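Q: Next come the chains, spelled out residue by residue.
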Amino acid sequence: MMNTTTLRSLAELSDAQIADAARATGEPAWLVEQREAAWRHFAASPPPEWRRTDLAKLKAETLRPSTGASHTAVQWDEALAGTGVVFTTLAAAVREHEPLVRQYLGTAVDPLTHKFAALHAAVWQDGVFLYVPKNVAIELPLHAVITIGSAGQLAAAHNLIILERGASVTFVEEFASPDLDGQALALPATELFLGEGSSLKYVTLQTWGANVYQLGAQRAIVGRDASLEWAAINLGGNVQHTEAETALQGDGAHVDWVAATFGANEQVLLTAPWLRHIGAKTEGHMDFKTVVKDSAYATFDGMIKIEHDSKATVSRLEEHALHLTPKARSDSIPGLKIDTNDVARAGHASTSGEVDEEQLFYMRSRGISRTDAINMIVMGFFEPVLDRIPSEELRERVGSLIEAKI
Amino acid sequence: MLNSELVIKDLHVNIEDKQILKGVNLTVKPGSIHAIMGPNGSGKSTLAYTIAGHPGYTVTGGEIWYKGENILELEADERAKLGLFLAFQYPVAIPGVTVANFLRAAINAHRAEEGKDPKTTAIPMAQFRKDIREQMAQLGIDEAFARRYLNEGFSGGEKKRIEILQMAMLKPSMAVMDETDSGLDIDALRVVSQGVNALAETNPEMGVLVITHYQRLLNYIKPQFVSVMMDGRVVREGGPELALELEEKGYDFIREEVAQA
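Chains D and Z supply the protein sequences, listed in that same order. Quick note on the numbering used here: the first sequence kicks off at 1 and runs consecutively. Quick note on the numbering used here: the second sequence kicks off at 1001 and runs consecutively.
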């Protein structure tokens, strides 16, 4: 079911028009109200004061929200539907699984965090809904591809992932577009809910083309004894500002979180990952890798927060940056806030610098050219992240994207 | 056939502003094992790194000739492709790059030819797997090492075996072994030496320059020629008996002779 209503550009849009468009697609009243409220918040909020994300060149008011979830591709074996698994567009889920959507939507990612989060909540259309029932384990990865077709669009994809108790699945979300000849804005949000003892492998891959701005949010709420493996790969776009959070809410919750960011040319890529330890005996490992070249600028703005009731916590943060050219820059702003006096282990390691000359010499002494050696060092640097990509085909595709950037 | 002697003439090398090599003259013949002995700080390792082309060593005078080229004009990778190999005293870890992938890249770099698609000159996968398996077995290296990241978390002995594995796979015509015995216990020393000897046997044209502080290694890898370095120069040359004499009397007697001369 495609919606034929065309939303106007942001400059001309109003809450009434958004509500009309939503009603036209048969959305329930609660969702229409959510959108209207979010729009009013957007309209009333000043632009966010981000020190490291420069939106001065973004002409948001000329952009037009995409409609009808037309940029979402859902890839899976439909035979799995027999197990009770639901994997469909979020727009379709609103119609077919309304109680579940209503229960979870917007409860992990707060729609009112900042102006653009509110804009997302007001105009989202694209995105997927994945529901895995109790104790159902799915071997093959489920894959969603979110695209932007042309300049001038605003694509607000919302992915809502729910794992019931004991469920297990691999979910790959891919944000991709060709290089565009004018600006486009991606406002993706992904909410992940891991029920007790469930296990999720989550791969998020950002390969937007030139001229795409991404302002994204991702948040996982990890229940008791549940386990999350999160791999984020950020390669594309002109500007990326992604706020991500894992909340280890249940006792014994666990996250293994890796990320690879590669900025080239004039790219400005920021990732702000927060790891919150809430339950007892929670364990978190973060390993974030950044490579920059040309005049690119990448920021790791992370925080580990160990809450008052979290006991016997284990937390480890590694973040490393590699500079391939002298003009490239990276900033690392790691934070640690501990509100409990019962931490089992907490550690942090950080490095930043150019390619190691001793490594280069060692490789060249074996006949490998300087270019090939740098290539191998960068690929090796990202290897712990690439290793998490569940399909060979996708791994090779990402590998060649990275190699092309080097 | 180009002359495959390694000829070092009046080599002067600085590290930053400090002169380390003060006129080294040395010839390593193809098919020979040539030991360089000397006390710490005599410039042995500087010589090894300079032959291999380390960018941190500044050559202020002299020449190094190999196969008709003054290799000082070549980059490190070009020297390797000419057939030179350095077994490192401190092999470097390359995180995320497996032993197998590293070796395959090195072999393919050697096989690459100007103007040809690297895909057509690359070693066939089956051939590579067979070769590496055989060589690992010979050196007593567990096959699991092929999938481990190069030198990451390896013990001293494991690193040295992997150096010899690389040498066996790349089949250099001139190998420089920099203090390969350092940090090895007697069992590891035996395995590593056997590896080098086996290689020298199957490649009778290969020259080997063995750099060591101690005579011990030379009980296992038997040199035909021994040169002694002191204070940045080769001060004595002789046969295997020179190594035994050094073992017996220490470096002091040569130091005194040099001082008197």
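In case anyone wonders, no lab produced these hints; they're calculated from the structure. Every value quoted in this text rests on a predicted model; they were computed, and no experiment measured them. Worth double-checking, as some hints may not be accurate.
[Said to hold, decoys possible] Taking lysine-lysine and the BS3-like style, the derived pairs with C-alpha atoms no more than 25 Å apart in a straight line are:
| id | chain 1 | residue 1 | chain 2 | residue 2 |
| --- | --- | --- | --- | --- |
| 1 | D | K405 | Z | K1119 |
| 2 | D | K201 | D | K327 |
| 3 | D | K327 | D | K57 |
| 4 | D | K405 | Z | K1116 |
| 5 | Z | K1029 | Z | K1018 |
| 6 | D | K134 | D | K59 |
[What the hints assert, rightly or not] Covered by chain Z, according to a simulated footprint, are these stretches of chain D (three or more residues, beta-carbon under 8 Å):
| id | stretch |
| --- | --- |
| 7 | 210 to 216 |
| 8 | 339 to 353 |
Every residue, glycine too, gets a C-beta built ideally from N, C-alpha and C.
Q: Next, verify each hint and record whether it holds.
A: Here is what the structure says about each hint:
no.: 1; hint: K405/D <-> K1119/Z; result: 21 Å, holds
no.: 2; hint: K201/D <-> K327/D; result: 36 Å, violated
no.: 3; hint: K327/D <-> K57/D; result: 21 Å, holds
no.: 4; hint: K405/D <-> K1116/Z; result: 24 Å, holds
no.: 5; hint: K1029/Z <-> K1018/Z; result: 30 Å, violated
no.: 6; hint: K134/D <-> K59/D; result: 45 Å, violated
no.: 7; hint: 210 to 216; result: violated (count 0)
no.: 8; hint: 339 to 353; result: violated (count 0)
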